[in-house]
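Residues per chain are reported as follows:
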Amino acid sequence: MLDREDEPPVPADPAPLDPAGLDALGAEDWDRLAELFAAAAALPAGERELYLDAECAGRAALRREVDEMLRSSGDEGALEIEDHLLRWDETALPPGYRIGPCRLVRPMARGGMGEVYLGERTDGSYSQQVAVKLLRPGLEATGMLDRFRLERDVLARLSHPSVVPLLDGGATPEGRPYLVLQYVEGLPITEFCTERRLGRRARLRLFIKLCRAVQYAHSHLIVHRDLKPSNILVDETAGVRLLDFGIAKLLAGRPADGATLAAERAPMTPDRAAPEQLRGEPVTTATDVWALGLLLCELLTGRLPTRATSAAASGPTLPAAPEPLDRDLAAIAGRAVRERPDERYATAGELADDAERWLDGKPVRARPDSLAYRVRRFVGRHRAAVASAAAAVLALAALAVVSTVQSARAIRAGEHAAAEERKAKAVVDLLLETFGATDPHAGAIGDSVSIGALLDQGEARAADLDAQPEVQAALRHALGRIRLERGNYERARELLGAAREAEIDRLGESDPATVPVRINYARSLHASRLQAEAERELRASLAVLAASPGGDSEVEAAALMALASVVHGEEGVRALERAVVLMRERRDRDPVAYADVLTGLALMRRMTGNANDARALYEEALSLYVAALGAEAPRTLVIRSELVSLLEDPAERAAGHRELLELRRRRFGDDNGAVANSWNHLGLALADHGELAEAEEAFGRAQAIWTRLGGPEHPMAIRALHNRALTLVEQELLAEADQAYAQLEEQLGGAHGADGFAAAVRAERAELRARLGGAAAGATVPAPAHG
Amino acid sequence: MATTSNGVGHPAPAGKGAGEAAAVGDTLARVRRGEAGALDRLTALLYRELRQLASRRLRGERAGHTLGTTALVNEAYLRLAGQRKLTVDDREAFLAAASTTMRRVLIDYARARRRVKRGGDAVAVPIEEVAPFLSDRACDEMIELDQALSRLEAAQPRAARIFEQRVFGGRSLAEIAAALAVSTKTVQRDWDAARAWLRKEVRRGLDSSAGGGDGNGGGDGPTPEAPGPPEA
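So the sequences go chain by chain: A and B. One point on numbering: in the working numbering, the residue at position 276 of the first sequence is 276, and numbering is uninterrupted. One point on numbering: in the working numbering, the residue at position 173 of the second sequence is 173, and numbering is uninterrupted.
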């Protein structure tokens, strides 16, 4: 097969290779060939000849093979096809190349996500060594950058010696996204342990440091999602440095050609992905606990555990260690890598604590003892759920109680103040008792189902408090507010209604101390679409306040805001402007309350078509919320959503809303009003961008959620349905559009039948039917089924 | 191990769309048990997926842009298996099959391209799917490479597998070392040697076919059947 005519004659081989090259070459011959080639290639060109002369003496065919291989190696020898397939991996940008504010010094590493270069950042007078991550092409640059901007303030809040900060980000002129990180010198934790020949205890101590750093980030509501040795460096002084916090999330966005949601959440590193990541479920702090558990296995045994093969198994099988793994350590690692997130350690801190207990020779929590373990496992499962859920509930409850205390204190300044404080303290104690005192940061991104169960528990508890009506009312008020925030309007109305009754019974209808609960009750009425009753309650509240001068301006402002959301229009704007004036002096003491009012006014201005005024107000509110509540608090997300909606470019808008949608789904679960709002906003952006089918899908999701929460006649469900109908018309799916309109008219037949909106819908449908008639004449569209 | 098949006829398309993700896990389990036909089925699933992904990517990108086999295989993995829990062994089987299938996708492109160039029937693959990313030269090289790789496979399956997984599966050498349970040093050595050896074989093959007209038996030489998952 091989053409050898042009070759010079060679002495006969004592053990000749088949002249057909490798056709008759066995594994041993290949090994010999590969060894020779490697050895020769490593030599300077001038020394190769001598070396091969000696090594291949008498084996001319072998020598020829090696010679030809040497001629083919190196960059010049590359085939074009290799260039197509491998260029990505084989090319590096030259030193001095500029990316954003950085000058590249040398390539450092390549990974699944792209290339990493050592760089220098020169901002005027000072220069700094940085790591520049140049991401793979194909990651959508614009979406990534939007997410980056949205996340940057969150990431900037992380300030921990073990967390390596993200400095900057952008896109190259070719559109490849890049990230700039502080440069860290160190070895991946696994390599560090091997190189230093660290013993088990020293490895555990490093691991504990790592867990503490992860815990720190979790307490700031940031999940890493992609913890693996290459992201965990250890420096000369055995300091642990964690790279890429939050970056996995930045990268987890939509690929350019629009894959599914599950793929969006797909893990960066499938081998290390937690079961919930593989299932496409939301990522929580428990996901990082999983990754830490894998790493612990790796540090102790040198290998990753084997994954479970069936859903019934509780977790992966731990690998056999070179020396038998201590039972307690195996139990610790095993607990961290349980299949179910809620069976794992609730936090990275708990995992560290258990490892510390082992170091101290104390019994560990994750006991291996089988019978006892099985019992504990059940308990542990509940504890884990309780711990993470309780934290979220407490955070909300604390807000509610604090605000009750503040209002109460201001209104009842004087003889009642002490009693109010005692009451408030009793409520806090009760909440703590009910939900269990925990680290408020523990698993702060909680499991919403368990939170619901906890609220039920709290309500049962409140029902038992007939002997302490004041405390009972305060607790119901707090729980009602939580229900309201969480979008459980029915339950909110019941709780707040009961609390209102009790307070009016106790204090009398004209006591301004009854107003806070009445405002919240009115909000729940409004949310349940009982507009007239809500308006009546609010006007009555404002009248009570007006009749008792020297009252609390915050309470008045709250009443005005609630009223504005019911009456809209000119009266709404006036109410809010007055509320802003009332609250302005409190800006420094109570920035959240002030920001609330600003938000209300901005919304109203925007509804009256004044987008520029709205943007300035939103931005002021946003900075107040972020500083006071954090970048992912429900209120903060509302403002972020509004600001995104004000963006001109529909693609940017869609990316922004998608991000917020994911955030909200992660934090609130799927059946939530805020999530439905995000779907609706996303639909609007997509429709503007011409992605009509996707837009229709998004509107459908919004409609379904609102229908579940508030029934098919909920105004938001109707709005989403209308949006969907319009999108169907735009897609020329006329029969389906007609079905949607039929449904719309049916819903509007009830409460809203007479208003202008209903009239507009009827006009739209008439137009549609006229077109359908024309189309049906052409016999291409089936007769619409009636909705 | 490397038997031949026609290489031109595409594997039968896998039936449904929605059940694929579910099907892939079962199929992998069957592949590992060595059930007859299981590998064909897996290959068919993969073939379709990779081809779709590849042509979508190629349509969207500038001519001459890198194909990014790593990204393609990863994407196929996520789409076909991403929502299922795969054992490490299943994942291994998947990636091994994906590398082989990617090779097959490319060789089919290259052949179709060559047929088009010769004015033959271009029905099998639409021209726009083939045109943008492989130069004529690269297509010819691909065909030679495929044959040389099969020869290497017969002599030293491990070296061939390393090359295949590196180039067509886009896996890193470290990953391959872990998968084949050999040292990274060995993998690096085999990779360097295989690459150099294959380059020389491809050049030689091209030189001889340039002299000898149509070259190797009409160009549609043997394509290796997909090998099973690594046994060593």
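It should be emphasised that the hints constitute simulated quantities derived from the structure, not laboratory data. Here the structure is a predicted model, which is why all the values come from computation and not from measurement. All C-beta atoms, glycine included, are put in the ideal place defined by N, C-alpha and C. Do not take every clue at face value.
Straight line, CA to CA, 20 Å or less: simulated SDA-like cross-link-like pairs of lysine to any residue [said to hold, decoys possible]:
(1) A:Lys-209 with A:Ala-238
(2) A:Lys-362 with A:Glu-339
(3) A:Lys-228 with B:Gly-34
(4) A:Lys-228 with B:Ser-172
(5) A:Lys-228 with A:Gly-170
(6) B:Lys-185 with A:Asp-31
(7) A:Lys-228 with B:Val-88
(8) B:Lys-185 with A:Gly-74
(9) A:Lys-209 with A:Leu-187
(10) A:Lys-228 with A:Ala-238
(11) A:Lys-209 with A:Leu-198
(12) B:Lys-185 with A:Ala-42
(13) B:Lys-185 with A:Arg-212
(14) B:Lys-185 with A:Thr-194
(15) A:Lys-209 with A:Gly-361
(16) A:Lys-228 with B:Ala-178
(17) B:Lys-185 with A:Thr-190
(18) B:Lys-185 with A:Glu-191
(19) A:Lys-228 with A:Tyr-183
(20) B:Lys-185 with A:Leu-198
(21) B:Lys-185 with B:Ala-174
(22) A:Lys-228 with A:Arg-212
(23) B:Lys-185 with A:Asp-29
(24) B:Lys-185 with A:Glu-195
Rough simulated footprint, nothing fancy, chain A against chain B, three-plus residues with beta-carbon under 8 Å [to be verified]:
(25) 33–42
(26) 142–155
(27) 158–169
Which residues of chain B face chain A? A few of them, derived with a C-beta cut under 10 Å, are [stated by the list, open to error]:
(28) Arg-30
(29) Leu-106
(30) Ala-110
(31) Arg-115
(32) Cys-139
(33) Glu-175
(34) Ala-177
(35) Thr-186
(36) Gln-188
(37) Arg-189
(38) Asp-190
(39) Asp-192
(40) Ala-193
Okay, the hints, checked on the actual structure:
Proposed proximity of A:Lys-209 and A:Ala-238 is supported: the alpha carbons are some 10 Å apart, at most 20 Å. This hinted pair does not check out: A:Lys-362 and A:Glu-339 have alpha carbons roughly 26 Å apart, beyond 20 Å. For the given pair, A:Lys-228 sits about 33 Å from B:Gly-34 by alpha-carbon distance, which is inconsistent with the 20 Å threshold. With a CA separation close to 16 Å, the supplied pair A:Lys-228 and B:Ser-172 stays within the 20 Å bound.
Taken as a hint, the A:Lys-228 and A:Gly-170 pair is broken in the structure, with Cα atoms around 25 Å apart against an allowance of 20 Å. For a cut-off of 20 Å, the pair hint linking B:Lys-185 to A:Asp-31 stands: about 13 Å separates their Cα positions. Proposed proximity of A:Lys-228 and B:Val-88 is supported: the alpha carbons are some 17 Å apart, at most 20 Å. Of the supplied pair hints, the one linking B:Lys-185 and A:Gly-74 holds, its CA atoms being roughly 19 Å apart against a limit of 20 Å.
Distance hint between A:Lys-209 and A:Leu-187 is fulfilled; the C-alpha atoms sit about 15 Å from each other, no more than 20 Å. In summary, the hint linking A:Lys-228 to A:Ala-238 is supported, as the alpha carbons are separated by about 17 Å, within the 20 Å threshold. Only pairs whose Cα atoms come within 20 Å are accepted, and A:Lys-209 paired with A:Leu-198 is accepted, the gap being roughly 15 Å. A threshold of 20 Å between alpha carbons decides the hint, and for B:Lys-185 with A:Ala-42 the separation of about 14 Å falls inside it, so the pair holds.
For a cut-off of 20 Å, the pair hint linking B:Lys-185 to A:Arg-212 is broken: about 36 Å separates their Cα positions. Annotation: proposed proximity of B:Lys-185 to A:Thr-194 holds, straight-line Cα distance about 17 Å (limit 20 Å). The suggested pairing of A:Lys-209 with A:Gly-361 holds, with an alpha-carbon distance near 18 Å, which does not exceed 20 Å. Distance check on the hinted pair: A:Lys-228 and B:Ala-178 sit about 16 Å apart at the alpha-carbon level, within 20 Å; holds.
Only pairs whose Cα atoms come within 20 Å are accepted, and B:Lys-185 paired with A:Thr-190 is accepted, the gap being roughly 18 Å. For the proposed pair B:Lys-185 and A:Glu-191, the alpha carbon gap of about 16 Å is at most 20 Å, so the pair holds. About 18 Å separates the Cα atoms of A:Lys-228 and A:Tyr-183, which keeps this hinted pair within 20 Å; it holds. With a CA separation close to 24 Å, the supplied pair B:Lys-185 and A:Leu-198 exceeds the 20 Å bound.
Our distance criterion of 20 Å between C-alpha atoms is met by B:Lys-185 and B:Ala-174, whose separation comes to about 9 Å. Distance restraint check for A:Lys-228 and A:Arg-212: the Cα-Cα separation of roughly 16 Å lies within the 20 Å cut-off, and the hinted pair is therefore satisfied. This hinted pair checks out: B:Lys-185 and A:Asp-29 have alpha carbons roughly 18 Å apart, not beyond 20 Å. Between B:Lys-185 and A:Glu-195 the alpha-carbon distance is near 17 Å, which keeps this suggested pair within the 20 Å criterion.
Counting residues of the region 33–42 of chain B whose CB lies closer than 8 Å to any CB of chain A gives 0, so the stated coverage by that chain is violated, three being the minimum. By the rule of at least three residues with a Cβ nearer than 8 Å to a Cβ of chain A, the coverage given for the region 142–155 of chain B holds, with 6 such residues. As drawn, the region 158–169 of chain B meets chain A at 4 residues by the rule of a beta-carbon pair under 8 Å; at three or more, the given contact holds. Proximity of B:Arg-30 to chain A is violated relative to the hint, the smallest CB-CB distance being about 14 Å (cut-off 10 Å).
The interface hint given for B:Leu-106 is met, as the beta carbon of that residue sits about 8 Å from the closest beta carbon of chain A, less than 10 Å. Among the interface hints, the one on B:Ala-110 holds; its C-beta lies about 8 Å from the nearest C-beta in chain A, closer than the 10 Å criterion. Nearest Cβ of chain A to the Cβ of B:Arg-115: about 18 Å, over the 10 Å cut. The hint is violated. With a least beta-carbon distance of about 8 Å to chain A, the hint placing B:Cys-139 at the interface is held under the 10 Å criterion.
Checking B:Glu-175 against chain A by beta carbon gives a least distance of about 9 Å; that is within 10 Å, so the hint holds. Because the smallest distance between the Cβ of B:Ala-177 and any Cβ of chain A comes to about 14 Å, over 10 Å, the interface hint for this residue is violated. The beta carbon of B:Thr-186 is positioned within 10 Å of a beta carbon in chain A (closest approach about 9 Å), and the interface hint is therefore held. A least Cβ separation of about 8 Å between B:Gln-188 and chain A falls short of the 10 Å threshold, and the interface hint therefore holds.
Annotation: interface hint on B:Arg-189 holds; nearest CB of chain A at approximately 5 Å, less than 10 Å. Because the smallest distance between the Cβ of B:Asp-190 and any Cβ of chain A comes to about 6 Å, under 10 Å, the interface hint for this residue holds. Interface restraint check: B:Asp-192 against chain A, minimum CB-CB distance 6 Å, threshold 10 Å, status holds. The closest approach between the C-beta of B:Ala-193 and any C-beta of chain A is roughly 4 Å, which is under the 10 Å cut-off, so the hint is satisfied.
Hints 2, 3, 5, 13, 20, 25, 28, 31, 34 from the list above are not met by this structure, while the remaining hints are.
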